[in-house]
Amino acid sequence: MGEKLFDQDFFSKLNNLAIAMNTRMTHGMGGGRKSNAKGTSVEFSDYREYIPGDDIRRIDWGAYGRLDKLYIKRFMEEKEGIFQIFIDTSSSMDFGEPKKSRTALQLAGALAYLVLNNLDRVYISEMQEDSLTHGKGRAGKQAFQQIMQELERVTFDGKTNLNKSIMSRQYQGSGVSIVISDFLDEKGIEEAVKYLRYKKQQIILIQVLARQEVEIEGDGTVNLLDMETGEEVRLTLNRATIEQYNQALKGMQERMQALARKYEMSYIQMVADEPLEKFLYDHVCNQGIIVRK
Amino acid sequence: MTISNWWPLALLILIPIIILLYMLKQKAQEYPFSSSMLWREIYNSIEATKPWEKLKKNLLMFLQIFTVLLLIFALMAPYLKQGGRRFDNVVIVVDTSASMGIQYNNDRTRLEEAVQRACDYVDSLNETAQVTILTSNQETGIIKTNVTDKAELRKALKALLVTDLSGDTGPAVSVVQSMANQWEQYEAVFFTDTPVELGNLEAQVINLYTDYENLSMDYVSYGTEYDENGTPSLTVIAKITSDAAEDVITDVNLYGDNNLLMVQSVQVPAGGSQIVYFNQVNFGGDVLMAEINSEDDLVADNKAYAAMNAEGQKRVLLVTNDNMFLEKAIINIPWVDLYKTNQLSAVGKDETFDLYIFDGMMPETLPAQGNIIYMNPSTGNDIKASGAISNVNLEFVETEITKYVTDFSFGVSVAKEYERPIWADSFISSGTGCAGYFGENDGRRIAVIGFDIHYSDLALQAEFPILISNLMEYMMVSGMVSEDDYAAGDKIVFNGNLNGSDITVTAPDGDVTTLAAAVATSAYADTNQAGVYSVAQTVDEVERKEYFVVRFPIELESHQDGETVEAGETVGEDEKNLTGGRDLRNIIILLILLALAVEWFVYVRQH
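Taken in sequence, the protein lines are chains A and B. For the first sequence, my numbering gives the first residue as 1, with consecutive numbering after it. For the second sequence, my numbering gives the first residue as 294, with consecutive numbering after it.
The reader is advised that the hints may include incorrect statements.
Claimed, not checked - Calculated cross-link-like contacts (lysine to aspartate or glutamate; reagent style DMTMM-like; alpha-carbon spacing at most 25 Å):
| no. | chain 1 | residue 1 | chain 2 | residue 2 |
| --- | --- | --- | --- | --- |
| 1 | B | K621 | B | E477 |
| 2 | A | K99 | B | E334 |
| 3 | A | K250 | B | E334 |
These are computed hints drawn from the structure, not numbers from a lab. What you are looking at is a predicted structure, and each value in this text was computed from that prediction instead of being measured.
Bound-form chain A, shown alone:
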């Protein structure tokens, strides 16, 4: 990606946002998110009987006076949130004006910035046909430059197999998985969703479509060339066929919404030429995925 994905003004606006998490973290380093683990935060959790070896600084001497037994005070542990951003890097994403790929990278960058800004950890993975290029986990604001460099190096080609790609990711503990794709994959994404739910992931599906996919233009008989598979479909573009296409697109989006309800995940649609800032503030905030600090 030759050109810069963001400008400074955009980041200053992002500073006011944070990604909400519904799940409690089970793994990972200390951070700013609630977890099931006990630790060293200021938030009291419960008592437990003293076992030799425990830190005697945590003995509740008041309780010992009343009960003549040694009790240890336990506190909540705060952990960092683990965010996984999957980017569909198939050829179909390299379509439209502006290209869906550019919008997807911008979106991933923005979300990564939100994550890092909130003391959480982010992994960015590129989904190829059967595999997944799994990026390193990055935390801390200083990691953002590295992420940007990685994002600018991403190339879009080949086919997609969302299920297979996502399921090749090994998880440890809960977290948030964000999938950015056009979801134009005949095999769908249900298997991957099931897998992510099983892995205690909060799932956010963001569908990026080009304006040219939402509003079809053209007329007459055309050889429609599939950019991913190279397959040709000969058809006549006219009002009727365009109307049928629109119906098919709507049907697919309705299926996605039904899937989202079924697995309690978020599903958001975005058109590539939509301003990113507006998309984040309007659509994503409205769904409660992102909250204002």
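Given chain A, work out where chain B should sit, using these hints.
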């Protein structure tokens, strides 16, 4: 149905070209797209409805082929025959007589209806029909001959105007008959409001007679009266005739030189006539006009005119030694002022006279103007006496000036016989020769009486003052027009002065015709309009202007008894439908336009 042209079939080659163009057009463009997933979904439903969709997809092509086929068909000029008739030669006769100006219905006159029907008929003819258009009134006019261009025919028909002439379809029937004799097959159609005697001619007659209500101003006339002081005034009478089924009350306006003089209300009985009197009318101009001041179905006959040329006292110089008989007879005529002299030298001096009577004398030089009567002249001044006769009975010959005295003979003791000039008519016959003649030569009227009244018993007879009165009337018409009014269509001979300028005639509509003085005695025939005409000539730098009236043919045209027919009905030898068939070209062109509209609609729908 018949086809006029077959060559457009060659254009069928266009149809494969259209199909080829569509096939070429259908070569699909590459259309890169992110994923064919959704398209493949709908592709299946397209496949499922393939036959209909395919037809729909090519609907534009089929419409274009259909349009081209229609176009070819139109170029072939198909013609639908009705009743198996198709004519190569067609004659349309349109009656343009005055009665065709009567309202046919509220919208149009009979002629306008005739023109409309004739245009419809022309439209219904086959393209190759050669059409001749004739008009019929007093005479038959040929408007177009053997024309196939329908636009030209329609234009000619629409240019037809109602004349003020009476109608007679007889000459038109003869003309059509003579034309028809050259043709193997033809159709003749008469558009008229009067019955047509077709004789052997096979033709259709479209009767345009309908009931109507009309008032006509039959005539206006006047007389001059003098009061005790000798002041003249006019008494004017006008006659109105009505066709209406009920009594009609209307105003009658009297105009003098287009200024309103008097108005009178009059009740005209149903189907009858009424005379209106205007008394003590003070008017000294040229033209009187009476007008019916109400609307009716024929406007053209609502006015009548009277020209007042001949009025005024006429001056007569009697050059005689003594002729009491003649003097008394002339003095009795009220509009004559008689002057008497016995000096030939008095003639042609300062005063001029309308008439000079030389009784037994022959002037050496003739006066410059004025008519002349020679009584018992000898040879001289173009008069050639051929011999003398005595004790004979002379007889009046039937002429214009022997009205009421024809077949009268009288005895003369001494008389002369003359060589009659070619311009003169004899009115007194001696049995062996001409004893008196009259005529007009070089713009001057001349009469010669070949005996002395003193030597005959004529002066003692009752016929004598009548003859003198006739002679005076003939002689006093010194103007260019010999009558005050004519029937429309009459040919008029003007008595122009050969030494004068060209004669100009101004018709009621302002059209000016110039006639050379040398040929002025030839007929002026352009009298198709009723109204007042003026005729003018300059002689010796003095302009003479006179008026004459052309009458509307009221007796023949204003009050017809016709056979009423319903609009659209035709009467003929056999009652065939008038339309000879139908030219399908216009219908096909309409279909083409419709096909183009459908094609546009489909194109907009599809895109």
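Taking the hints in turn, this is what the structure says about them:
no.	hint	in the structure
1	B:K621 <-> B:E477	violated (74 Å)
2	A:K99 <-> B:E334	holds (24 Å)
3	A:K250 <-> B:E334	holds (12 Å)
Consistency with the previously given hints fails for number 1 only.
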